[in-house]
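Let the sequences and hints guide you as you build the complete structure.
Protein chains in written order, with full-length UniProt numbering: chain A, 1 to 271; chain P, 1 to 271.
Derived from the structure by calculation, the hints contain no laboratory data.
Some clues are possibly wrong.
Each computed EDC-like pair below joins lysine to aspartate or glutamate, with the alpha-carbon atoms no more than 16 Å apart [said to hold, decoys possible]:
1) P:Lys3 <-> P:Glu32
2) A:Lys165 <-> P:Glu139
3) P:Lys191 <-> P:Asp218
4) P:Lys128 <-> P:Glu61
5) P:Lys199 <-> P:Glu246
6) A:Lys3 <-> P:Glu50
7) P:Lys128 <-> P:Glu94
8) A:Lys54 <-> P:Glu32
9) P:Lys3 <-> A:Glu50
10) A:Lys195 <-> A:Glu226
11) P:Lys54 <-> A:Glu32
12) P:Lys165 <-> A:Glu139
13) A:Lys71 <-> A:Glu53
14) P:Lys192 <-> P:Asp133
15) A:Lys29 <-> A:Glu19
16) A:Lys165 <-> P:Asp108
17) A:Lys191 <-> P:Asp108
18) P:Lys165 <-> A:Asp108
19) A:Lys54 <-> P:Glu2
20) P:Lys71 <-> P:Glu61
21) P:Lys192 <-> P:Asp224
22) A:Lys195 <-> P:Asp108
23) P:Lys199 <-> P:Glu226
24) A:Lys192 <-> P:Glu94
25) P:Lys54 <-> A:Glu2
26) A:Lys271 <-> A:Glu61
27) P:Lys192 <-> A:Asp108
28) P:Lys217 <-> P:Glu246
29) A:Lys263 <-> A:Asp90
30) P:Lys195 <-> A:Asp108
31) P:Lys192 <-> A:Glu94
32) A:Lys242 <-> A:Glu252
33) A:Lys23 <-> A:Glu61
34) P:Lys192 <-> A:Glu95
35) A:Lys192 <-> P:Glu95
36) A:Lys192 <-> P:Asp108
37) P:Lys191 <-> A:Asp108
38) A:Lys195 <-> A:Asp133
39) A:Lys221 <-> A:Asp133
The lines below spell out each chain.
Number of protein chains: 2
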Amino acid sequence: MEKLSRNNRVVAITKILTETPNKVVGLNKFSELLNAAKSTISEDIVIVRELLEKLEMGRIETISGAAGGIKFIPDMGSESKLEFCNELCDLLSEEGRIVPGNFVYLTDIMYNPQIISKAGVILSSYFKNMNIDYIVTVETKGIPLAYEVAKCLGIELVIIRRDNKITEGPTVTINYVSGTSGRIQQMSLAKKSMKSSSKCVFIDDFLRGGGTAQGIKDLLKEFDSELVGTGVLVDNIGIKNKRASEYITLIELEFDENTGELKVRPSEFIK
Amino acid sequence: MEKLSRNNRVVAITKILTETPNKVVGLNKFSELLNAAKSTISEDIVIVRELLEKLEMGRIETISGAAGGIKFIPDMGSESKLEFCNELCDLLSEEGRIVPGNFVYLTDIMYNPQIISKAGVILSSYFKNMNIDYIVTVETKGIPLAYEVAKCLGIELVIIRRDNKITEGPTVTINYVSGTSGRIQQMSLAKKSMKSSSKCVFIDDFLRGGGTAQGIKDLLKEFDSELVGTGVLVDNIGIKNKRASEYITLIELEFDENTGELKVRPSEFIK
Chain A
1 MEKLSRNNRV VAITKILTET PNKVVGLNKF SELLNAAKST ISEDIVIVRE
51 LLEKLEMGRI ETISGAAGGI KFIPDMGSES KLEFCNELCD LLSEEGRIVP
101 GNFVYLTDIM YNPQIISKAG VILSSYFKNM NIDYIVTVET KGIPLAYEVA
151 KCLGIELVII RRDNKITEGP TVTINYVSGT SGRIQQMSLA KKSMKSSSKC
201 VFIDDFLRGG GTAQGIKDLL KEFDSELVGT GVLVDNIGIK NKRASEYITL
251 IELEFDENTG ELKVRPSEFI K
Chain P
1 MEKLSRNNRV VAITKILTET PNKVVGLNKF SELLNAAKST ISEDIVIVRE
51 LLEKLEMGRI ETISGAAGGI KFIPDMGSES KLEFCNELCD LLSEEGRIVP
101 GNFVYLTDIM YNPQIISKAG VILSSYFKNM NIDYIVTVET KGIPLAYEVA
151 KCLGIELVII RRDNKITEGP TVTINYVSGT SGRIQQMSLA KKSMKSSSKC
201 VFIDDFLRGG GTAQGIKDLL KEFDSELVGT GVLVDNIGIK NKRASEYITL
251 IELEFDENTG ELKVRPSEFI K
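Spelled out as structure tokens, the structure:
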């Protein structure tokens, strides 16, 4: 390839780094791809790093040593986080959100990539220094959000099933009491899906009583692994004495059963 | 904000465009954020566009008119696509992939963001000119891939459930014969989850007999909507007379029941 200008190289470096968050890219890779000396690439990286930090679009970290290189850590400025959560509150306050049984319809939000990719960046920022091995979720509604958080942290996603599937080999199954239905439910996880002694964070759409988080804690014990945190999009703060400890939420929700009114606001983590 | 250099502006433009694929961003947004004239931003965009095309990292399209602006269309060069699919074939050929019942264990691949984000870009490239309204999938294993394809196309994801959930309001349910288990199964979709007269593409991990695709076709009819294509990561070409028409696969797989050998190769779409 012919020599590229600095303008061109910084575009390529930005594209490559931001699409593989938390994965170390060696300077050699850039050097070969862009046909430039490593010293030149280092100068390019300074430009990319400074601009991303100036606009609060995440950070570039340098990892030294033989396996060294640089990696991109997604993040957003606190103003953008608050703005995003306020927009989410507007969406949640729309008419028709309450479905029979006094549940809040979240499906359209949870399956909208433009919303969930941002929510994933914000949630991941609270867990980035915890050396997490896996993001876990229980099927189904939290999967896209859990996937985005795992992507931001550069780790794998583990999805716990409600029944065991013939395509996944041997599984471990536990019973737990669901906060939504109040019924005993099952959780299954394939033996192959997780290394033992792993640190996990549970990501979900909605937190009620924390029964699911408690179930996941129990299931992870069977894999000699540990639940070290929980992150949700919406927390129903009307339900007290939650069984989930150490959790992060973006939105706090309160439902007035008498007036049928739904109150939502960005959580204390955001403000 | 103080004036930024061109080096800085192209970094910001690349970051913003590539993280919201297929969404139109007005030049005004860049102009305000980067404190530069629209004519200057237009020159910046030429640089970003040329570099992305030169390195086959996707395209930038200009949309004219009042709601105009630019948008990023993710793509990969054919060499990178083939290289990715060959790596995937190596992964699929690893020992221990076959689980009891002669199923191929795909879970770790389907839940790995580094793999699935690239597979999503490749699959989306075959559907980009079809004006798709929704990407649909059936829970669970195909969800991350379907999500990535939806994100690349700038549209929403719709996840069909195997049972109906109390948190989703009224649902439509149909029965279909699963190719995996040979049993009659259910599919449910909330009435609120899709506008009528929509064009949909079904994304999944694995194609066997196409029974699920046929079920989705039937379910979509209940929403006055249409299945216009199917995309999977792996196609079991050993199973003939598939009920899925018009499908795209990245990998072709053949399982020799006598020798227990698994043969995999990039599909004809990739080569």
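Next item on the list: If any of the earlier hints don't hold here, list their numbers in rising order.
Entry: Numbers 7, 26 - these are the hints that the structure violates, sorted from lowest upward.
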